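Colleague: Using the sequences plus the hints, can you model the full thing?
Here is how the chains run, residue by residue.
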Amino acid sequence: MSLHFYLAIAAILFVLGMACMVTRRNAIALLMGVELVLNSANLNFVAFSRFTEAPVLEGQVMSIFVIILAASEAAVAMAIVLNLYRQQRSIQVDEARELQG
Amino acid sequence: MDVKVVMELLFGLLTVASAAWVAFSPKLLHAGFSLLFTFFGVAGLYVTLGADFLAAVQVLVYIGGILVLLLFGILLTSAMPTAELSSRAARRGQGLLLGLGLLALLLLAIFRASWPLSLPPLPESTAAGIGKGFMTTWLLPFEVASILLLGAMLGALHLARRAGEDA
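From first to last, the protein sequence lines stand for chains L and B.
Each residue of the first sequence is one higher than the one before, counting from 1 in this note's numbering.
Each residue of the second sequence is one higher than the one before, counting from 1001 in this note's numbering.
What the hints contain is simulated information worked out from the structure, not anything from laboratory work.
Only a predicted model underlies this, so the values are computations on that prediction, with no experimental measurement involved.
It is possible that some hints are incorrect.
Just so you have them, the derived chain L footprint on chain B, three or more residues with Cβ under 8 Å [to be verified]:
no.: 1; stretch: 1017–1028
no.: 2; stretch: 1052–1066
no.: 3; stretch: 1108–1120
Partial selection, computed: residues in chain L whose CB lies under 8 Å from chain B [claimed, not checked]:
no.: 4; residue: A8
no.: 5; residue: I9
no.: 6; residue: N83
no.: 7; residue: V93
no.: 8; residue: R97
We put the CB at the ideal spot given by N, CA and C, even for glycine.
Modeller: As structure tokens, this is what we get:
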């Protein structure tokens, strides 16, 4: 299977993640969309490092750094969401209009 | 057909189908569990690309860490986890339009561009090379990432504290 197959899968993942972020109002559903987008970026990195002349491991190391970022982002975002829920009893993002703690 | 091609098609289909369910499922908890299959499908695609260590990291961090965190969040914040997600019809139309346009653009770019293709030989196992790389070539980003993780951990702890509670 060629590079195009993986790039197409990653493009579909990216678009679905975007659609998830655009249409959902629930903060946790937005986070899921972000994870989909990050996964599609990772898939692109690995596919490019496999099928082009770049060294094989470079794309994989880049993906590991992206996973590190995703993990820390998820932890901080989850803390914010739980705080929001405690204050507003709701995590619909269009109801959260106050940022001041 | 080759076994590898079958695996690629299978994992690709699993990834795309479950990601579509994540994006469009009316129930949040179903979307959360569907995300598990997406992460697993991507890990399978990593294996077909020869990235065995990365596939293990994907399963450990995404499924074992991030997904569990998200599911905890869903269960903690919704009184009725199977309740309908509010998603406005107008927004849904706009999102569909945006998504289809973006997908057409991306696919056009992918299939029209001329990529410098080659198929370098795969190492037996990637874990050794990645470990050596982290201790030599990518030492600085590795250390910066560890500081970032520490900062994120402290930040998350600080944010999750109840207001007025002492550290």
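Colleague: Let me make sure I understand: some of the numbered hints might not hold for this structure. Which ones are they, in numerical order?
Modeller: Hint check: 7 and 8 fail, others pass.
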